[in-house]
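**Q** Sequence:
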Amino acid sequence: AVEVEGVASFYTMYNLGKRGRRHLEVCTCLTCAVLGANEVLHRLEEKLGIKVGQTTPDGEFSLAEVECLNWCEAGTVVQVGNRYYGNVTPDNVDELVEQILADKDNTGLQQANTLVRVHLQRKARTDTSNGAGGCSAGG
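Going by the working numbering, the residue at position 92 of the sequence shown is 92; the numbering climbs one at a time, nothing skipped.
It is worth saying that the hints were derived from the structure and are not from the lab. Heads up, some of the hints might be wrong.
[Said to hold, decoys possible] Distance ranges between label pairs, derived from CB positions:
{"id": "1", "residue 1": "104", "residue 2": "72", "range": "25 to 31 Å"}
{"id": "2", "residue 1": "30", "residue 2": "60", "range": "28 to 34 Å"}
{"id": "3", "residue 1": "30", "residue 2": "58", "range": "17 to 23 Å"}
{"id": "4", "residue 1": "59", "residue 2": "82", "range": "16 to 22 Å"}
{"id": "5", "residue 1": "95", "residue 2": "68", "range": "32 to 38 Å"}
Positions of the beta carbon are idealized from the N, C-alpha and C atoms, including for glycine.
Let the hints inform the model, and build the full structure from the sequences given.
**A** The following block contains the structure:
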């Protein structure tokens with residue numbers, strides 16, 4: 001039983017509890033973490049009135065922390081169904097939730113042949129460019 005739970009809790013496509021119609025998965029890997037993923041998670045918890053791993057009482061939203069969603073240049077990234085929302089910050093969480101509610105196509109299961117990326121507007125971002133199109137490692 002422990003081995004089954006270990007596998008089921010590791011992979012994000014398996015859920016140990018009831019998911020909401022709109023299941024928000026927030027990337028908290030290194031790049032997104034540096035860009036404020038934990039603050040985004042806390043703001044989403046406040047906005048939705050739930051904690052990570054929970055579902056809203058109306059069954060509309062559930063919230064999860066996940067590993068890399070493979071869109072690092074747009075961190076912090078939130079996935080809902082087959083939609084990826086990039087450049088999410090604590091300041092635009094309200095806009096994110098409004099967009100998710102307005103989008104009728106992001107409530108079902110992920111489809112292998114469909115991927116949509118949505119950039120949210122970021123008010124300010126630290127420039128880490130080294131002038132050569134990459135990032136500076138410092139030092």
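**Q** All the hints need checking, so say for each whether the structure fits it.
**A** Status of each hint after checking the structure:
| no. | hint | in the structure |
| --- | --- | --- |
| 1 | 104 with 72: 25 to 31 Å | 29 Å, holds |
| 2 | 30 with 60: 28 to 34 Å | 31 Å, holds |
| 3 | 30 with 58: 17 to 23 Å | 34 Å, violated |
| 4 | 59 with 82: 16 to 22 Å | 20 Å, holds |
| 5 | 95 with 68: 32 to 38 Å | 24 Å, violated |
Hint check: violations occur at hints 3, 5; the rest are consistent with the structure.
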